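**Student:** Here the protein sequences line up with chains A and B, keeping their order.
Just so it is clear: in the first sequence, position 540 is 540 by the numbering used here, and no numbers are missing.
Just so it is clear: in the second sequence, position 56 is 56 by the numbering used here, and no numbers are missing.
Just so you know, the hints here were simulated from the structure itself, not pulled from any lab data.
Do not rely on the hints blindly, as some may be mistaken.
Stated by the list, open to error - Each pair of labels, with its calculated beta carbon distance range:
hint : chain 1 : residue 1 : chain 2 : residue 2 : range
1    : B       : PHE141    : A       : ALA25     : 43 to 53 angstroms
2    : A       : PHE233    : B       : VAL189    : 31 to 41 angstroms
3    : B       : LEU216    : A       : PHE55     : 44 to 54 angstroms
4    : A       : ILE525    : B       : TYR146    : 20 to 30 angstroms
5    : B       : GLU72     : A       : LEU27     : 52 to 62 angstroms
6    : A       : ILE525    : B       : PHE220    : 22 to 32 angstroms
7    : B       : TRP192    : A       : LYS288    : 47 to 57 angstroms
8    : B       : TRP192    : A       : GLU534    : 46 to 56 angstroms
9    : B       : ILE186    : A       : ALA25     : 26 to 36 angstroms
10   : A       : PHE55     : B       : VAL189    : 53 to 63 angstroms
11   : A       : PHE55     : B       : PHE141    : 44 to 54 angstroms
To be verified - Here are the computed lysine-lysine pairs in the DSBU-like style, where the Cα-Cα straight-line distance is at most 35 angstroms:
hint : chain 1 : residue 1 : chain 2 : residue 2
12   : A       : LYS19     : A       : LYS58
13   : A       : LYS281    : A       : LYS346
14   : B       : LYS200    : A       : LYS19
15   : B       : LYS42     : A       : LYS288
16   : B       : LYS109    : B       : LYS200
17   : A       : LYS19     : B       : LYS195
18   : A       : LYS110    : A       : LYS288
19   : B       : LYS133    : B       : LYS155
20   : A       : LYS110    : B       : LYS42
21   : A       : LYS498    : A       : LYS17
22   : A       : LYS491    : A       : LYS281
23   : A       : LYS19     : A       : LYS495
24   : B       : LYS109    : B       : LYS195
25   : A       : LYS17     : B       : LYS42
26   : B       : LYS195    : A       : LYS110
27   : A       : LYS19     : A       : LYS491
28   : B       : LYS42     : B       : LYS111
29   : B       : LYS200    : A       : LYS110
30   : B       : LYS195    : A       : LYS17
31   : B       : LYS157    : B       : LYS133
32   : B       : LYS42     : B       : LYS195
33   : A       : LYS19     : B       : LYS42
34   : A       : LYS281    : A       : LYS495
35   : A       : LYS498    : A       : LYS281
36   : A       : LYS425    : A       : LYS491
37   : A       : LYS17     : A       : LYS491
38   : A       : LYS425    : A       : LYS346
39   : A       : LYS17     : A       : LYS495
40   : B       : LYS155    : B       : LYS140
Note that the structure is a prediction, hence the values are computed from the model and not measured.
Don't be surprised by glycine CBs; every beta carbon is placed ideally from N, CA and C.
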Amino acid sequence: MTHQAHDNSYVSYLDYKGKHSGIWAWLLSTDHKRIGLMYLTGIMLFFVAGMSLGFVMKTEMLSRGETLVDAQTYNALFTLHGVIMIFLVIIPGIPAAFGNFFLPIQIGAKDVSFPRLNLFSFWLYMAGGVVALSSLFLQGGPIDTGWTFYVPYSLRTNTNVSLALLAAFLLGFSSILTGLNFITTVHRLRAPGMGFFRMPLFIWALYSTAWIQVIATPVIGITIVLVIVERLFSIGIFDPALGGDPILFQHLFWIYSHPAVYIMILPAMGVVSEIIPTFAKRTIFGYKAIAFSSLAIAFIGYFVWAHHMFTSGMSDLARIIFSLFTFLVAIPSGVKVFNWVATLYKGSIEPRVPFLFVMMFIFLFSIGGLTGLVLGNLATNIHTHGTYFVVAHFHYVMFGGTVIILFGALHYWFPKMFGRMYNEKVATVSVILIFIGFNGLYFTMFILGYMGMPRRYWDYLPEYQLLHTISAIGAYILIAGILLMLHNLWKALRKGPKAVQNPWGGVTLEWTVPSPPPLENFDEIPIITHGPYEFPEAKGVK
Amino acid sequence: MREATYNEQVTDGTMNIKETNPISHAVSEPHPHVHRDDIGSKLGMWLFLFTEILLFGGLFILYMAYRFQYSEAFHIAARDLNVNIGTLNTIILLTSSLTMALSIAAIQKGKRILSMTLIASTIAFAAAFMVNKYFEWGAKFAHGIYPGSSHLLEKEKGEIIFFGLYYSMTGLHGIHVMVGIILLSIMFVSVWRGKTNPDKFIILENSGLYWHLVDLIWIFLFPLFYLIH
Ligand code: HEM
Chain A
1 MTHQAHDNSY VSYLDYKGKH SGIWAWLLST DHKRIGLMYL TGIMLFFVAG
51 MSLGFVMKTE MLSRGETLVD AQTYNALFTL HGVIMIFLVI IPGIPAAFGN
101 FFLPIQIGAK DVSFPRLNLF SFWLYMAGGV VALSSLFLQG GPIDTGWTFY
151 VPYSLRTNTN VSLALLAAFL LGFSSILTGL NFITTVHRLR APGMGFFRMP
201 LFIWALYSTA WIQVIATPVI GITIVLVIVE RLFSIGIFDP ALGGDPILFQ
251 HLFWIYSHPA VYIMILPAMG VVSEIIPTFA KRTIFGYKAI AFSSLAIAFI
301 GYFVWAHHMF TSGMSDLARI IFSLFTFLVA IPSGVKVFNW VATLYKGSIE
351 PRVPFLFVMM FIFLFSIGGL TGLVLGNLAT NIHTHGTYFV VAHFHYVMFG
401 GTVIILFGAL HYWFPKMFGR MYNEKVATVS VILIFIGFNG LYFTMFILGY
451 MGMPRRYWDY LPEYQLLHTI SAIGAYILIA GILLMLHNLW KALRKGPKAV
501 QNPWGGVTLE WTVPSPPPLE NFDEIPIITH GPYEFPEAKG VK
Chain B
1 MREATYNEQV TDGTMNIKET NPISHAVSEP HPHVHRDDIG SKLGMWLFLF
51 TEILLFGGLF ILYMAYRFQY SEAFHIAARD LNVNIGTLNT IILLTSSLTM
101 ALSIAAIQKG KRILSMTLIA STIAFAAAFM VNKYFEWGAK FAHGIYPGSS
151 HLLEKEKGEI IFFGLYYSMT GLHGIHVMVG IILLSIMFVS VWRGKTNPDK
201 FIILENSGLY WHLVDLIWIF LFPLFYLIH
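From just these sequences and the hints, can you work out the full model?
**Tutor:** Below is the structure:
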């Protein structure tokens, strides 16, 4: 290990020697920090894999006709890209990696409630990843249904749909267990004095997310199982030839998959609520409003699923109701954005790297959110449905929202997790590259979609050429930025300068323990006497 | 009083000292602090049961939607099911829930052998349920009523769906019964070895909760498939 040189007064979780040695010291560890780190490694690897697929797709779209791959391969590419990015990157993303690492520390606990269950979730995650990837190479070939697995096509195609579905099932199970663990931990293991309203907002976000994981995921679980069973035994439930109704599949699918977008975004919003007070040196504005808006999103998020199906066939009344709820769910998100901005007002802002990511997030996510209203509106939905407009929209919210904050969280907590610091100048350059590349890549897609470019096509008409070229160039800049960022972090991991305990002047509990934290986080469980974001500087002003 | 009974029962030497001594635990495990939280475990179990209900909930929604769409055909198809076997199985499962609850009460009172007997009878009931199920499904198969069979495909679409739902819902429930059998066998050994004892019976309680859920789901499946005509 590279971390031998710390002062000898404590053993960090990285150096700790347990019963097992070598790789098993990690793979069999029940320490929440090691598990978090393993998740992080897996997630980053899968992200790079998904990004490479995106790279191939954009290169294919660089010019008309067959540039790099044929049509069937393109189908497989976007499906795999979607499956990897959704099920293996952003759903586990922040909760599994940073949640595992920081949830116990931020509430002053030594670990989660069920450490072994936690390890089991991680194994399920790895098993899901392996099954998903093996579906690529086994007979039958990579799936081509799109990440949504819509029936009846997913019943008819000869590709490895069952394997990919099994992977999704395992990943869902892993997600349920993590959620269950987090809820119990928040209820049972808060340090003395830490009432619910003294919890950091990241914990509130994780707590709301955990509820969604527990409530929504089983529904997709059973749906997936039924599709597998349908393929094996033709029971007819989703097969129109036997009397089944494919629309019911869509309903069940989105009953999970829409709340799932809040599984993706809520933890990111939690991280934002951590980073902003730290770099504005001010207590968060509207703590309770932000906390409750997380719960509100978790709740209203259940009643909007059918907005993915406005053109699938539904009564007008149902469409109007779902459209209304779709508008309503935007309110709590808006509440958060205004509270964040209000926190910055008159703060002493230090625009360090994590903060830059947050700024980028607010910008990109606002665009994503506002274009969501265009899609949520019945009339405009008819025009933009199934076009690149949708592709641009969900990349703005998922990538510009969650993944950007995943990067931000990585830069915020990197010194804490590894006890080393990265080069901030290089990191800033990568932030700028990512920002430019991102907008080049996806903003053009809004225009393309508005002009009528359909999604999931591998070819296009000549009038779209210019915008597709700009979009591809944007993709290259974006990917360059991400690679630069990863390289910078990798270098810091190997030989970055030692990080101090509290490089940003944060006040939540993780900054009161050494970097990297010792095995059991705290020598003595802290006693909490005040809210999470009380800065000494700010008190002095009063 | 309670202590004494308990101690008598664990003197057979099978009790693992290391398990109960936090200090010796500390040296060998990567997790020095041994943390026990019965309320936490129960909370976790309730959450898990909640996910189970939602898992079946998806199927119940499908049942509802299709019953609405094909009420006529459902009506006809349900006549093919054997109400007697269904009723018998209901009685079996209800009784097994009783023995399960009693086994927990027994261990709380320190009556180890009684508790083991009750767990064993719960397992026996569960096995009887599965045997019945086997004959029931077997008879259906013999009549050519199974997913994808040519006989079934000749029938009306609603009937195909009815049997599709019947097989998936009772099948999933059957899998849960089998998991229950495994779980209860582990519990049997655990009580036998003294790992589950009057001071520490939370796992047995949680297994009991699971078993009651399996029972409860059947209570809904039974009328929906066998009784409503
Ligand atoms: C790293 C750079 C990325 C590039 C270059 C990229 C590019 C693309 C492209 C070209 C498509 C296909 C559009 C179409 O033909 O319909 C696509 C689809 C998609 N992308 Fe990305 N993407 C990237 C990152 C991400 C991230 C971070 C996520 C999620 C977190 C994501 C999620 C998806 C999803 C869900 C689809 C839809 C797949 C389907 O239609 O089934 N992508 N992406």
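**Student:** Confirm or reject each hint.
**Tutor:** How the hints compare with the structure:
Take B:PHE141 and A:ALA25: their Cβ atoms lie about 51 angstroms apart, and the range 43 to 53 angstroms holds. Between A:PHE233 and B:VAL189 the beta carbon distance is about 35 angstroms. The supplied range of 31 to 41 angstroms therefore holds. Checked against the given bound of 44 to 54 angstroms, the beta carbons of B:LEU216 and A:PHE55, roughly 51 angstroms apart, stay inside it. Taking the beta carbon of each, A:ILE525 and B:TYR146 are about 59 angstroms apart, not inside 20 to 30 angstroms as hinted.
Checked against the hint of 52 to 62 angstroms, the pair B:GLU72 and A:LEU27 passes, with Cβ atoms roughly 56 angstroms apart. Range check, A:ILE525 to B:PHE220: Cβ separation about 45 angstroms, and the 22 to 32 angstroms hint is violated. For B:TRP192 paired with A:LYS288, a C-beta distance near 52 angstroms keeps the hint of 47 to 57 angstroms intact. In this structure the supplied range 46 to 56 angstroms holds for B:TRP192 paired with A:GLU534, their Cβ-Cβ distance being about 55 angstroms.
In this structure the supplied range 26 to 36 angstroms holds for B:ILE186 paired with A:ALA25, their Cβ-Cβ distance being about 28 angstroms. Between A:PHE55 and B:VAL189, the C-beta spacing of about 54 angstroms keeps the proposed range 53 to 63 angstroms intact. A hinted range of 44 to 54 angstroms holds for the C-beta pair A:PHE55 and B:PHE141, which are about 52 angstroms apart. Between A:LYS19 and A:LYS58 the CA atoms are separated by roughly 48 angstroms; this puts the pair beyond 35 angstroms, and the hint is violated.
Between A:LYS281 and A:LYS346 the CA atoms are separated by roughly 10 angstroms; this keeps the pair inside 35 angstroms, and the hint holds. For the hint linking B:LYS200 to A:LYS19, the alpha-carbon distance of about 26 angstroms falls within 35 angstroms, and the restraint holds. Between B:LYS42 and A:LYS288 the CA atoms are separated by roughly 29 angstroms; this keeps the pair inside 35 angstroms, and the hint holds. Only pairs whose Cα atoms come within 35 angstroms are accepted, and B:LYS109 paired with B:LYS200 is accepted, the gap being roughly 12 angstroms.
Taking the CA atoms of A:LYS19 and B:LYS195, the gap is about 23 angstroms. The hint holds against a cut of 35 angstroms. At most 35 angstroms may separate the alpha-carbon atoms for a hinted pair to count; A:LYS110 and A:LYS288 meet this at roughly 26 angstroms. At most 35 angstroms may separate the alpha-carbon atoms for a hinted pair to count; B:LYS133 and B:LYS155 meet this at roughly 24 angstroms. A distance of roughly 20 angstroms separates the Cα atoms of A:LYS110 and B:LYS42; the hinted pair therefore holds under the 35 angstroms criterion.
Pair hint A:LYS498 plus A:LYS17 holds up; C-alpha atoms about 22 angstroms apart against a cutoff of 35 angstroms. Note on A:LYS491 and A:LYS281: the hinted pairing holds, with a Cα-Cα distance of about 30 angstroms set against a maximum of 35 angstroms. Between A:LYS19 and A:LYS495, the direct Cα distance comes to roughly 28 angstroms. Compliance with the 35 angstroms bound is thereby established for this hinted pair. A distance of roughly 15 angstroms separates the Cα atoms of B:LYS109 and B:LYS195; the hinted pair therefore holds under the 35 angstroms criterion.
Between A:LYS17 and B:LYS42, the direct Cα distance comes to roughly 32 angstroms. Compliance with the 35 angstroms bound is thereby established for this hinted pair. At roughly 25 angstroms between alpha-carbon atoms, B:LYS195 and A:LYS110 fall within 35 angstroms of each other, so this suggested pair holds. For a cut-off of 35 angstroms, the pair hint linking A:LYS19 to A:LYS491 stands: about 30 angstroms separates their Cα positions. Simply put, B:LYS42 and B:LYS111 have alpha-carbon atoms about 23 angstroms apart, close enough for the 35 angstroms limit, and the pair holds.
Taking the CA atoms of B:LYS200 and A:LYS110, the gap is near 23 angstroms; set against the 35 angstroms cutoff, the hint holds. Proposed proximity of B:LYS195 and A:LYS17 is supported: the alpha carbons are some 29 angstroms apart, at most 35 angstroms. In summary, the hint linking B:LYS157 to B:LYS133 is supported, as the alpha carbons are separated by about 25 angstroms, within the 35 angstroms threshold. Annotation: proposed proximity of B:LYS42 to B:LYS195 holds, straight-line Cα distance about 18 angstroms (limit 35 angstroms).
The suggested pairing of A:LYS19 with B:LYS42 holds, with an alpha-carbon distance near 29 angstroms, which does not exceed 35 angstroms. The suggested pairing of A:LYS281 with A:LYS495 holds, with an alpha-carbon distance near 30 angstroms, which does not exceed 35 angstroms. Between the alpha carbons of A:LYS498 and A:LYS281 the distance comes to roughly 24 angstroms, so the proposed pair stays at or under 35 angstroms and holds. For the hint pairing A:LYS425 with A:LYS491, the CA-to-CA distance comes to about 13 angstroms; that is within 35 angstroms, so the pair holds.
With a C-alpha separation of about 25 angstroms, the suggested pairing of A:LYS17 with A:LYS491 holds against the 35 angstroms cut-off. Restraint check for A:LYS425 and A:LYS346: satisfied, since their Cα atoms lie roughly 26 angstroms apart, inside the 35 angstroms limit. Our distance criterion of 35 angstroms between C-alpha atoms is met by A:LYS17 and A:LYS495, whose separation comes to about 22 angstroms. Using a Cα cut-off of 35 angstroms, the hinted pair B:LYS155 and B:LYS140 holds, with the two alpha carbons roughly 15 angstroms apart.
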